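> These are the residues of each chain, in order.
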Amino acid sequence: MLLATLAALSLGVLAACSSSSSSSSSSSPPASSSSASASSSSSAATTSTSACGTKPGVAATGTPINIGAINTKQNGTDFSDIENMTGAYFACVNANGGINGHPIKYFPVTEQTNPSQIASLAKQLVTSDHVVGMAGNSSIIECTIDQGYWKSVGIYALGAGIAPECYSTPNTASVNMGPRYSSDGAVSYVISQGATKIAFDQSNVPGTTYIAAGPNAIAKAKSVPIQDFTENVPITSADSIAIKLVNAAGSNGAVVLNFTPPEALLILQAAQKLNLEDRVKSWACSTPCNTDFLATALGPKWNNKLFVNAELTPLDGNTSPTAQLFDGILKQYGTDVSGGVGSFSEMGFVIGEIATHALETITGPYTIASVSAAFKAVDNYNTGLLCQGYVYGNFPEHIPNNMDYTVTPDNGKFVVASNGGGCTLISANDPQIAAYRSVAGTAPSVNPPTS
Amino acid sequence: MPSWSEFQPFIVSGLALGGVYALSGVGLVVLYRATGVLNLAFGAVGAMGAFIAWSIINKAGAPGWVGWIACILFGGVLTLGYGLIFGPLLAARGPLVQTICTLGLALVLFGAMDLLWSSSGGQARSITLPSDSGGFMIGQVQVNWTSVIGLGAGIVITAGTHAFLRYTKLGTAMRAMANDREITATLGVPVRRVEAAAWFGCGLLAGIAGILLADLAALDDTTLTFTVVISALAAALIARLHSIWITFAAAIVIGLVHDLITPITQLTDYRDMTPFVLAAIALIAVSRRQVFTQSREEG
Amino acid sequence: MIDTAGPKAPAAARLLPRPDRRALVRGTIIVVLLLLALFALPPLMNGYYTVTMTQVAIYSIVTLGLGLLVGRVGLYSLGQIAVLIIGAWTGARLLFGTGQPFIVVMIEAGLVTMIIGSLITLPALRLRGLYLALITLMLAGAVTVIEATLNFPNGGGGFSGYNGSLVHIPQIRRPSFAGTDPAYYRFSVIVAIVMFLLVYVHLRARPGRAWASIRQSEAASLAAGISTTFYKLWAMALASFVTGVAGALLAGGDRYLYSIDFPIQNSITLLAVVLMGGVFSLAGAVIAAFLQSFLPAMLYQLWSVPYDWLLILFGVGVMQVLATAPGGIADQFPKDMKRLYRLIRRLVSRPAPASSSGTAPAKGGEAA
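Protein chains in written order, with our numbering: chain A, 1 to 451; chain B, 452 to 750; chain C, 751 to 1118.
Rather than coming from a laboratory, the hints here were simulated on the basis of the structure.
Be aware that one or more of the hints could be misleading.
[Stated by the list, open to error] Just the calculated beta-carbon pair ranges, DEER-fashion:
1. 456(B) <-> 357(A): 57 to 63 Å
2. 520(B) <-> 1052(C): 38 to 44 Å
3. 588(B) <-> 193(A): 24 to 30 Å
4. 513(B) <-> 130(A): 24 to 30 Å
5. 719(B) <-> 367(A): 52 to 58 Å
6. 633(B) <-> 850(C): 56 to 62 Å
7. 1090(C) <-> 566(B): 49 to 55 Å
8. 517(B) <-> 920(C): 38 to 44 Å
9. 517(B) <-> 1090(C): 49 to 55 Å
10. 382(A) <-> 456(B): 54 to 60 Å
11. 566(B) <-> 61(A): 34 to 40 Å
12. 1089(C) <-> 630(B): 36 to 42 Å
13. 148(A) <-> 544(B): 48 to 54 Å
14. 850(C) <-> 130(A): 36 to 42 Å
[Claimed, not checked] Only pairs whose alpha carbons sit at most 27 Å apart, straight line, appear in this in silico DSSO-like list of lysine-lysine:
15. 197(A) <-> 301(A)
16. 197(A) <-> 305(A)
17. 281(A) <-> 197(A)
18. 510(B) <-> 331(A)
19. 301(A) <-> 510(B)
20. 413(A) <-> 620(B)
21. 220(A) <-> 281(A)
22. 331(A) <-> 55(A)
23. 331(A) <-> 413(A)
[Unchecked claim] Under 10 Å between C-beta atoms, here's a sample of chain B residues computed to sit facing chain C:
24. 533
25. 536
26. 541
27. 552
28. 554
29. 561
30. 684
31. 685
32. 687
33. 724
34. 726
35. 727
The structure displayed is predicted, hence computed values, not measured ones.
Glycine is no exception: its CB is placed at the ideal position from the N, C-alpha and C atoms.
Please put together the full structure from these sequences, using the hints given.
Written out as structure tokens, the structure reads:
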């Protein structure tokens, strides 16, 4: 008994003493290894990926710039594709000149929604790994837990947000809209197409009332009755949920869902099995539904019946230089992006773009202060994948992505809805949007859709 | 209080859900009657088989029936393997220890499933059967063929295993072995062969249930390993882990009550509690009459 | 602990009875280890491991309660997560809603959890073995659903203390003397020590003997006049109390509580680590807490090992413990070490001539 405890304690002391930046070496592809693979295919690929950096083909060799990221990765919820794609972007940059010659050393970590673990990971990144900036955060609760810490150390984080604090605190800005504003977009679209009643359903994860407040405000402003529901996930009895929602929406109403793709798929498939999909005027979904997996799993019955809010430009059939760069980076450096092309990898790409653009403007040493100033200075930056130019700014809250597309399945792929699916501002009937626009203004569209 | 017509569609969906619980619950009780072990890894075995079927169908491009056969065989072989090792090893320890051991198997399979079929990148997997796209109307409500098959499979398995255990020689040998392995061996029953047959047969059942549940409920490791099994366990407990017919009936009742509560706004948020509340009531009502339950002591 | 020194020794044995000296040595080592944990460890650990070790301290109380139920009374509770939820909820509600000192809140959380835990399981205590274990699972499932709907307090008002539309959620407060992470770690270790002492005192007194008797044979205990239901209830009450205290400690440690962090399958992994750690000794509870909270954190930090591998390890561990080593690591590790020691001794002493002086020390060592 004594030996066991002694052994365990000594193991612990050993581990604690030896802890430092060991987590980074195994997760992010270091510049040297990816440039080895790059050289073999460089003849075909350098033209499509060199645009990420300033000196094509020149590997960065200066002192590294340490950047960190925290993603949720647990059974049923895995956002790690986002930080993996940002890491791929940085690997591309490192192979093509770096940031003024300096490589970016990426420290992506994953967590299992354990609050104390998340708090300690943030502290470790800053105090042990000496990161000077955070780019690529995407977690159910990270913004809530770390917002005080980022404020105290002066870091301004860039990520793909979910929790309310990702949009309502000064130290985090997101490239996506998050569940509330994405649901706003979905609800606005179905109302614009004539729905006279809304049944809004979402998964029972932290913040449901906050999320529902947006759609409720928008529906109320248009005098459309709305009923809110929540479901415990994972869903076991999708049939009863489908029936309940269809009954609540009525024949001229719309069902709006805010779920992760597997859960949304269950409800939609149940509706189809029970022949209920035509019993309401339309179905809508917030951004997570915007994945090709869902489009292929749903049959042709959902063409122009299901409308999904899309926060980023659809990539199918997109031949713009940004889309080509995305493809190139995904193929060359994105081996651990398991979901392939989708909203997760797109968000990771956009984060990489913005972070690189900001870092390249820094002239002096790379410290927390200089990196934060550079992030905040990002203003009207055209990412090529967002409706608006991206602005970080020095505001008490950040909702820089507040303009969306609406897409609909078309035989296995999502395409921009022909009827008013192009870049549309999220309605200012949502008080949080109105508050943001009163300090930051309303950025116009710079990136027209490609339908 | 909602009207009768509002309840109607939930009766149909409730029966379908009850069918889901019945498949799992009956499988649990049959296993218990045949081997003396409450195999709580029943759901995990079926789930892994379903994931294997998914990979065969969607990644290797094989036709559906190849995947289903693979799932069923996988269930049989894995359960047989577990039973051959841990059956004799724990036979003297009693049903409680044997059940906890199957939880170990469930954890191993659950971890393996999450590693092999991760949910990263928003991947959504599903098993679809040809019977999904068709049905018939009862009044205003559409009844899907797969639900009918699920319910039907439940009835067939219930009746079949009940008759098998009671009327056939092999079934009787299984029941005797489950009751007391030592005495059955002295009676000249080939215990190892009977035991193997029991585990293998129940494993096939787990595979069949796995495919059907993956289609009817979800192809999700947490749902199939824990949620459905724990809810189905309620039905098995109501039947005191003994009567297969009562398990079936209890499962149907649980499914019906669960879905019928859906339109009642005051209770709807708590409807996932239905299996647990019903099981607790039944068990406590029964325990009032006696202090000791089974004759088997735990070691 | 039989004295095998032979007829020459009785006088010496009365002067310095072996068992007491062994207990003294053991006690000293435990005290030294605890002092190390309290004072030597914090400066060595960075933020990540400080938080991890705090979780170890908190969960060691939970595994203590479950180990008590499983090892001493034979009650395989599959619902301890529900008890932890009740404790954490109560602690958080009181910490947000009242200004009471943290320690008072902890005790109140323990008492509330004790009452609720006892009330819920009281009707079920007449059941035995498998049925009792399964009904704890059912009750835990019910509590998990209630909690998913009610949510943990987040600073709001009303009974539930949950305000779903809050845009900035306040942190759960900590004691004024243990606000920083290292200070809270020390505080958690001290609370854990107190809980372990509480259980230890129970084990040495009448309840401990009654529980041992019930574990041997419930029928015989009843025949001997021991009220089995009363003592089972006492065990359940004690386990619920310590788990409730642990819940309040967890609320202060995590500072934010979410229902997604308490799924029903955590009850199963909890039982798995308790079995692996060893249910027959208090040290087993500490080992179980290390398996549950330290091992995953360390493996992830060093080699990015995903948590799924830990699940597989725990599953294999449960099967192995039940099949071959019922005492768990706490029981098996010293036995393995002793076997290793004897093997080494035999290898070392083999070249020596076969004289009586060569064999006597080995015998003396065996007696320990």
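> Of all the hints given earlier, name the ones this structure violates by number, lowest first.
4, 7, 8, 20
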